[in-house]
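Peer 1: Spelled out from the first residue to the last, the chains are:
Number of protein chains: 2
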Amino acid sequence: MLLSGGLDSATVAAWLQREGFEVHALSVDYGQRHSIELNAAREIAADLKLADHHVLQLDLRGVGGSALTDLEMEVPKGKSPTEPVSQEIPTTYVPARNTLFLSLALGFAEARGAHDLAIGVNALDYSGYPDCRPEFIASFEKLANLATREGIEGRPFRLHAPLQDLTKVEILRLAHELGVPVDKTISCYDPREDGSICGLCESCRLRLQAEMELNQ
Amino acid sequence: MLLSGGLDSATVAAWLQREGFEVHALSVDYGQRHSIELNAAREIAADLKLADHHVLQLDLRGVGGSALTDLEMEVPKGKSPTEPVSQEIPTTYVPARNTLFLSLALGFAEARGAHDLAIGVNALDYSGYPDCRPEFIASFEKLANLATREGIEGRPFRLHAPLQDLTKVEILRLAHELGVPVDKTISCYDPREDGSICGLCESCRLRLQAEMELNQ
Chain A
1 MLLSGGLDSA
11 TVAAWLQREG
21 FEVHALSVDY
31 GQRHSIELNA
41 AREIAADLKL
51 ADHHVLQLDL
61 RGVGGSALTD
71 LEMEVPKGKS
81 PTEPVSQEIP
91 TTYVPARNTL
101 FLSLALGFAE
111 ARGAHDLAIG
121 VNALDYSGYP
131 DCRPEFIASF
141 EKLANLATRE
151 GIEGRPFRLH
161 APLQDLTKVE
171 ILRLAHELGV
181 PVDKTISCYD
191 PREDGSICGL
201 CESCRLRLQA
211 EMELNQ
Chain B
1 MLLSGGLDSA
11 TVAAWLQREG
21 FEVHALSVDY
31 GQRHSIELNA
41 AREIAADLKL
51 ADHHVLQLDL
61 RGVGGSALTD
71 LEMEVPKGKS
81 PTEPVSQEIP
91 TTYVPARNTL
101 FLSLALGFAE
111 ARGAHDLAIG
121 VNALDYSGYP
131 DCRPEFIASF
141 EKLANLATRE
151 GIEGRPFRLH
161 APLQDLTKVE
171 ILRLAHELGV
181 PVDKTISCYD
191 PREDGSICGL
201 CESCRLRLQA
211 EMELNQ
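Sequence lines, in order, name chains A and B.
Letter by letter, the first sequence follows residues 1 to 216 in my numbering.
Letter by letter, the second sequence follows residues 1 to 216 in my numbering.
Hint data in this document are derived by calculation from the structure and do not stem from the laboratory.
Mixed in with the good hints, there may be bad ones.
What the hints assert, rightly or not - Computed cross-link-like contacts, DMTMM-like style, restricted to lysine to aspartate or glutamate with a CA-CA straight-line distance of at most 20 Å:
#1 B:K142 / A:E141
#2 A:K49 / A:D183
#3 B:K142 / A:E135
#4 A:K184 / A:E211
#5 B:K49 / B:E135
#6 B:K184 / B:E211
#7 A:K79 / A:D183
#8 A:K184 / A:D29
#9 A:K184 / A:D52
#10 B:K184 / B:D52
#11 A:K142 / B:D183
#12 A:K142 / B:E135
If you're wondering where the values come from, they're calculated on a predicted model, not measured in any experiment.
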């Protein structure tokens with residue numbers, strides 16, 4: 001499974017455990033400005049006692065084209081934490097990111113004899129990224145079974161995206177229910193040097209608005 | 001386009017030029033035992049005067065599961081250069097490699113405003129790798145157009161695989177016809193330290209058999 005250090009993927013990890021899977025997690029150090037999330041991923045993996053956790057290096061700064069990997073670009077901010085998140089694809093979109101990360105997970109899985117992949121995408125309260133939509137997830141699963149020895153020899157891969165149809169509030173509720181260390185997860189795209197969140201990027205706003213709704 | 005330093009991708013580069021494309025090439029330093037191919041890729045890019053050439057670092061040794069990235073595994077060899085290549089998937093198969101490399105090419109292309117991707121796979125005289133088959137190529141093109149901003153906003157990507165239906169002899173003939181610096185390309189999976197080829201791995205055998213046929 002892909003573990004970012006954010007709320008969603010941490011929830012997927014705990015969900016997989018509840019479903020009875022032995023969970024092997026993969027994080028990618030891709031030159032993201034919020035690389036602090038990798039520390040969160042390590043803490044979450046330890047906290048949930050995952051079977052193992054790898055951090056792969058894949059520097060996407062050379063690819064460019066995203067506010068998350070290009071420090072010259074600015075992360076778009078709302079005027080307040082309660083400003084709704086637009087459904088236009090924002091500049092934080094990283095070209096081909098989920099395709100790449102899922103390909104890495106696929107290689108890892110096939111080399112280790114695993115056939116279940118998982119990712120924490122959701123397509124309700126999200127930023128409109130194309131590679132978070134159910135059509136993309138279904139298409140990647142098909143590709144995985146054409147691309148690999150396991151797939152074409154009749155031992156197919158399944159790609160789990162259990163948060164796909166949940167709202168952010170539902171994810172938050174599920175996280176608490178499953179005992180996810182929610183306080184250790186970090187969703188912010190543009191954290192300050194001391195590790196505190198900006199509170200205004202799309203990712204902070206989606207999460208803060210869900211937290212407010214949950215506590216109402 | 002993906003440029004490995006081998007005969008096939010060099011031929012694709014020259015083919016794209018003949019078709020009128022400005023060619024931007026991507027090579028991946030993935031911990032392959034035949035990393036000498038990266039030097040060949042650089043020479044070919046210079047020789048053909050490609051628009052640019054990037055070498056990305058993505059260490060797949062941590063993924064494992066392949067004789068090309070695991071030095072403890074042996075590259076399978078034939079008894080002689082003329083021994084036919086089996087159609088069983090050999091241990092030189094690298095899990096998810098073409099999916100990963102095409103994802104990188106897709107990210108590069110989208111970040112730069114390009115919409116044509118190209119790869120030098122062929123599925124006639126090949127090693128039976130699942131991610132070289134036409135079904136895989138077609139499926140990746142579909143995925144690319146679901147995974148990206150450009151794809152979903154109606155500026156689709158095309159994935160060119162012009163060698164798909166050619167035999168190795170036909171590729172060699174095309175390479176000469178297009179002025180590819182054939183002598184600078186390297187196909188061997190297990191070259192000696194001095195850069196000379198082993199002559200017995202599947203890749204050497206496919207190429208040597210084609211060269212013999214061409215010179216008959």
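Peer 1: Look at each hint and say if it fits the structure.
Peer 2: A quick look at each hint next to the structure:
no. : hint            : verdict
1   : B:K142 / A:E141 : holds, 12 Å
2   : A:K49 / A:D183  : holds, 17 Å
3   : B:K142 / A:E135 : holds, 11 Å
4   : A:K184 / A:E211 : holds, 15 Å
5   : B:K49 / B:E135  : violated, 32 Å
6   : B:K184 / B:E211 : holds, 15 Å
7   : A:K79 / A:D183  : violated, 25 Å
8   : A:K184 / A:D29  : holds, 18 Å
9   : A:K184 / A:D52  : holds, 18 Å
10  : B:K184 / B:D52  : holds, 18 Å
11  : A:K142 / B:D183 : violated, 39 Å
12  : A:K142 / B:E135 : holds, 11 Å
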